[in-house]
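Chemist: Single-letter residue listing:
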Amino acid sequence: LATDVINKSKLREVASRGLSESSPLRPLVWRLLLEYLPSDRREWVSHVRCQRALYHQFVREFTICESGHSIWAQADHEVASRASVVMDIYQGPMTTHQSSMWTQKQHDYVLRKEIHKDIMRTHPDHHFFEGGTLRRQSMERILFIYAKLNPGVRYVQGMNEVLGTIFYVLASDSNEEWGANAEPDAFFCFTNIMAEMRDVYIHSLDNSDAGLSGKMSRLNALLQQHDPELWRHLDKNQLDPSYYSLRWITTLLAREFTLIDTIRLWDTILSEISRVDFLCHFCLTMILAQRETLLAGDFSFCLYLLQNYPASDPNVLLKQTHILQRPNANDYRLISNTWWT
Amino acid sequence: MPIARFKVVLLGEGRVGKTSILLRYVKGERVPAYSDRQVSTLQASYLDKRLSLRAGQSASLSIWDTAGQERFHALGPIYYRDADGALLVYDITDFESFQKVRKWVRELRQIVGQEIAITIAGNKVDLESSRAVPEAEALDYAASVGATHVYTSAKLNKGLEDAFAELSERMATRRNETRGPGAAGLPGAKRSSISIVDDPVAPKKKDSCC
Chain L
685 LATDVINKSK LREVASRGLS ESSPLRPLVW RLLLEYLPSD RREWVSHVRC QRALYHQFVR
745 EFTICESGHS IWAQADHEVA SRASVVMDIY QGPMTTHQSS MWTQKQHDYV LRKEIHKDIM
805 RTHPDHHFFE GGTLRRQSME RILFIYAKLN PGVRYVQGMN EVLGTIFYVL ASDSNEEWGA
865 NAEPDAFFCF TNIMAEMRDV YIHSLDNSDA GLSGKMSRLN ALLQQHDPEL WRHLDKNQLD
925 PSYYSLRWIT TLLAREFTLI DTIRLWDTIL SEISRVDFLC HFCLTMILAQ RETLLAGDFS
985 FCLYLLQNYP ASDPNVLLKQ THILQRPNAN DYRLISNTWW T
Chain X
612 MPIARFKVVL LGEGRVGKTS ILLRYVKGER VPAYSDRQVS TLQASYLDKR LSLRAGQSAS
672 LSIWDTAGQE RFHALGPIYY RDADGALLVY DITDFESFQK VRKWVRELRQ IVGQEIAITI
732 AGNKVDLESS RAVPEAEALD YAASVGATHV YTSAKLNKGL EDAFAELSER MATRRNETRG
792 PGAAGLPGAK RSSISIVDDP VAPKKKDSCC
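Going down the list, the sequences are from chains L and X.
For the first sequence, my numbering begins at 685 and goes up steadily by one.
For the second sequence, my numbering begins at 612 and goes up steadily by one.
Some hints could be false.
Claimed, not checked - With a Cα cut of at most 25 Å, we get these calculated DSS-like pairs of lysine-lysine: (1) L:K920 <-> X:K618; (2) L:K801 <-> X:K769; (3) L:K694 <-> L:K1003; (4) L:K797 <-> L:K832; (5) X:K660 <-> X:K618; (6) L:K797 <-> X:K714; (7) L:K789 <-> L:K801; (8) L:K1003 <-> L:K692; (9) X:K769 <-> X:K618; (10) L:K920 <-> X:K660; (11) X:K638 <-> X:K660; (12) X:K766 <-> X:K638; (13) X:K714 <-> X:K618; (14) L:K801 <-> L:K832; (15) X:K769 <-> X:K660; (16) X:K766 <-> X:K660; (17) X:K766 <-> L:K797; (18) L:K832 <-> L:K789; (19) X:K618 <-> L:K801; (20) X:K766 <-> L:K801; (21) X:K714 <-> L:K789; (22) X:K638 <-> X:K769; (23) X:K618 <-> X:K638.
What the hints assert, rightly or not - On the chain L side, residues computed to face chain X include the following (Cβ under 8 Å): (24) K801; (25) R931; (26) L987.
Hint data in this document are derived by calculation from the structure and do not stem from the laboratory.
Virtual Cβ for every residue (Gly too), placed ideally from N, Cα, C.
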């Protein structure tokens, strides 16, 4: 990291092994892995200046109303009552312009409310989010602006969890200046990760290979290939993979482990060239790690276990995943003999 | 007497309290601390609950909790297709969430038909002072679609036992009606349902009659 031009593949290799729990380098490393910062350090100052200015322009464009106030400055009920006042005024025939303005306002209000509800319950028990009104506002703004810029994707539940992990890491930066810019920087990091992930959030792609069902089928196929016995058992018990893997895939596992463990996991996931493929293999490892317990369980037991995944050391699961990804690893016993008995 | 098994699905807009209702009803006071900020449900989950019906019969409910957001509705049918009952939840402080209930009723009637027993639950009655859904409107609507209307508070554990008990009674009644006299073993019942079994064009033995 000290060199002028950072070697990204070397960086990936090191980061993939995991940074220490409170490494001061993580916010910087994640900005690099998520392609927000260019490899050449000398470009950083001007690059971040440009990007942050661009973000603030989005904020002005999308979240400041005619009166010059932020749309977040008004309490919810005010917006609602104001909206109904506007409705009353425009009872008469509306011009096309007025009508589209009004529809826009209504849509923005619904969108904002939807995001607000979920941000209020993103890691609700974590002190970082619990007490941080300003932090939550930052996250709401990021998701709102993302939705406005990407109307085809808009906002989907689960994005709040993905953003939550990124925002937590960037806002916890020990460098004050970088930490203070967590909002614009997290916006771009989030946008970049969504470039890869958004297909699973788009309803119309659900049944394509790129979409959500495609990813879940991929996991199902991997399980069938690696552990036919377990696959048959789950299949016989009618445990559809969508019952447990939907959340794993859409949130990049942000809801299955403690925040600290999720971050450790993401060090590796973000370092992968093919993140989604790695994610599928990691999910497979999670299932295999519980194989004996699952084989002894019925539908409701298995569903509960996979939806409330037992506390596990992410380092162990990650190592197993890397073994599974080797070309000759087509047998669960290979893994079980190496890592667990 | 054998245990009657019913499948119940919880439907409604995001953050109206579906998960809290399920956890509170199934786990009761064992829920360590009720949370106003239950994390959002992204995939359906399910819990079992045993209860006794009025006729002395035992019932086992498989209750499915579903994701509220529109995006995940496409997955809805796999949960409610074979459901015996549905609890449609809205938040009494949020009018839009009540509008969503109408949508769910239409969808259920269209896809599952009339057989499914529906209860509409106005949740969060602990926030009565911020009510946004007029009581008369909710009650009239429920009556117009043949649903029972109840008020609940997952936070205060109010109304949940009654809501599920009443829904279970209706599901049991409906099952007895649809299974007809064959299942109940009552003599002198409607002949029409028996003639269906005897119908020469449908010689296949029906499981439900055994």
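Chemist: Under the constraints set out in the numbered hints, which ones does this structure not fulfil?
Modeler: Those not satisfied come down to hint 19.
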